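Given these sequences and hints, build the entire structure.
Single-letter residue listing:
2 protein chains.
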Amino acid sequence: MKAIVNVFLKNGVLDSQGKAVQHALSGHGFETVKDVRVGKQIIIEMNENDADAAKEKVAHMCEELLANTVIEDYEIEIQA
Amino acid sequence: MKAIVNVFLKNGVLDSQGKAVQHALSGHGFETVKDVRVGKQIIIEMNENDADAAKEKVAHMCEELLANTVIEDYEIEIQA
Numbered sequence: 093m094k095a096i097v098n099v100f101l102k103n104g105v106l107d108s109q110g111k112a113v114q115h116a117l118s119g120h121g122f123e124t125v126k127d128v129r130v131g132k133q134i135i136i137e138m139n140e141n142d143a144d145a146a147k148e149k150v151a152h153m154c155e156e157l158l159a160n161t162v163i164e165d166y167e168i169e170i171q172a
Numbered sequence: 093m094k095a096i097v098n099v100f101l102k103n104g105v106l107d108s109q110g111k112a113v114q115h116a117l118s119g120h121g122f123e124t125v126k127d128v129r130v131g132k133q134i135i136i137e138m139n140e141n142d143a144d145a146a147k148e149k150v151a152h153m154c155e156e157l158l159a160n161t162v163i164e165d166y167e168i169e170i171q172a
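Chains as they are written, first to last, in this note's numbering: chain C, 93 to 172; chain D, 93 to 172.
Calculated from the structure, these hints are not laboratory results. Please note: incorrect hints may appear among the correct ones.
Copies of the same chain look alike in the list, so a pair counts if it works inside one copy or between any two.
Unchecked claim - With a cut-off of at most 25 Å between alpha-carbon atoms, the simulated DMTMM-like pairs for lysine to aspartate or glutamate come out as follows: (1) Lys-147 to Asp-107; (2) Lys-147 to Asp-127; (3) Lys-147 to Glu-123; (4) Lys-132 to Glu-164; (5) Lys-94 to Glu-148; (6) Lys-102 to Asp-142; (7) Lys-132 to Glu-167; (8) Lys-126 to Asp-107; (9) Lys-149 to Glu-137; (10) Lys-149 to Glu-123; (11) Lys-94 to Glu-123; (12) Lys-126 to Glu-137; (13) Lys-94 to Asp-127; (14) Lys-94 to Glu-137; (15) Lys-132 to Glu-156; (16) Lys-111 to Glu-137; (17) Lys-111 to Asp-165; (18) Lys-149 to Asp-107; (19) Lys-126 to Glu-148.
None of the values given here were measured: they were computed from a predicted structure.
Shown next, in the form of structure tokens:
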């Protein structure tokens with residue numbers, strides 16, 4: 093079973109990496125870019141058969157380790 | 093229009109960040125984890141009306157700036 097976790101800064105938290113990429117893109121002539129956000133995508137292969145159990149475990153992983161829940165939000169997608 | 097870009101190390105390139113996360117997860121008792129890959133997700137808001145034109149522009153952004161195409165692959169998803 094595969095879990096795809098996307099971890100992003102919460103809205104309202106300055107995304108300096110996103111701003112830097114946005115600035116660089118406009119410097120390369122990509123004028124139509126309005127906003128850029130940069131986050132992490134973590135793909136986890138797991139020995140699990142039950143999607144709900146897997147999602148619950150991955151949520152614990154996020155709370156404990158993968159995301160800084162003070163400033164970051166996370167989304168979990170499970171693929172069988 | 094919104095573009096979602098996922099940038100990952102090519103298969104065969106050592107993902108030391110993924111290995112570190114995998115090691116930490118097993119140290120936290122998550123024994124069912126078999127493999128972990130860590131990549132970037134970049135969300136780009138653009139002033140574009142045509143999905144094909146937007147995808148082409150984002151591919152140029154990836155080739156020029158967002159991905160190191162020697163060691164990284166990228167995927168682009170366009171959302172209207």
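Verification of the hints:
Proximity of Lys-147 and Asp-107 under a CA criterion of 25 Å is satisfied inter-copy only: 24 Å between copies versus 27 Å inside one chain copy. Within a single copy, Lys-147 and Asp-127 get their C-alpha atoms only as close as 31 Å, which misses the 25 Å cut-off; across copies the closest is 16 Å, which meets it. Within a single copy, Lys-147 and Glu-123 get their C-alpha atoms only as close as 40 Å, which misses the 25 Å cut-off; across copies the closest is 15 Å, which meets it. In this homomeric assembly, Lys-132 and Glu-164 come within 25 Å of each other (Cα to Cα) both inside a single copy, at 10 Å, and across copies, at 15 Å.
When the C-alpha separation of Lys-94 and Glu-148 is checked against a cutoff of 25 Å, the pair qualifies only within one copy, where the shortest distance is 13 Å, while the shortest distance between copies is 29 Å. Taking the shortest Cα distances, Lys-102 and Asp-142 never come within 25 Å of each other, neither inside one copy (30 Å) nor across copies (29 Å). Both within a single protomer and between protomers do Lys-132 and Glu-167 lie at most 25 Å apart by alpha-carbon distance, with minima of 11 Å and 14 Å respectively. Taking the shortest alpha-carbon separations for Lys-126 and Asp-107, only the intra-copy value of 14 Å comes in at or below 25 Å, while the best inter-copy value is 32 Å.
In the homo-oligomer, the alpha carbons of Lys-149 and Glu-137 lie at most 25 Å apart inside one protomer (12 Å), although the nearest pairing across protomers, at 32 Å, exceeds that limit. Taking the closest pair of Cα atoms, Lys-149 and Glu-123 come within 25 Å of each other only across two copies (11 Å); inside a single copy the shortest separation is 42 Å, beyond that limit. For the homomeric pair Lys-94 and Glu-123, the shortest alpha-carbon distance between copies (15 Å) is at most 25 Å, but the shortest distance inside one copy (37 Å) is not. For the identical chains of this complex, Lys-126 and Glu-137 are inter-copy neighbours only, at 5 Å across copies versus 35 Å inside a copy, given an alpha-carbon limit of 25 Å.
For the homomeric pair Lys-94 and Asp-127, the shortest alpha-carbon distance between copies (9 Å) is at most 25 Å, but the shortest distance inside one copy (30 Å) is not. Proximity of Lys-94 and Glu-137 under a CA criterion of 25 Å is satisfied intra-copy only: 5 Å inside one chain copy versus 28 Å between copies. In the homo-oligomer, the alpha carbons of Lys-132 and Glu-156 lie at most 25 Å apart both inside one protomer (16 Å) and across protomers (20 Å), since each shortest distance falls under that limit. Taking the shortest Cα distances, Lys-111 and Glu-137 sit within 25 Å of each other only across copies (12 Å), while inside one copy they are farther apart (32 Å).
Within a single copy, Lys-111 and Asp-165 get their C-alpha atoms as close as 19 Å, and across copies as close as 23 Å, so both meet the 25 Å cut-off. Within a single copy, Lys-149 and Asp-107 get their C-alpha atoms only as close as 28 Å, which misses the 25 Å cut-off; across copies the closest is 23 Å, which meets it. For the identical chains of this complex, Lys-126 and Glu-148 are inter-copy neighbours only, at 17 Å across copies versus 36 Å inside a copy, given an alpha-carbon limit of 25 Å.
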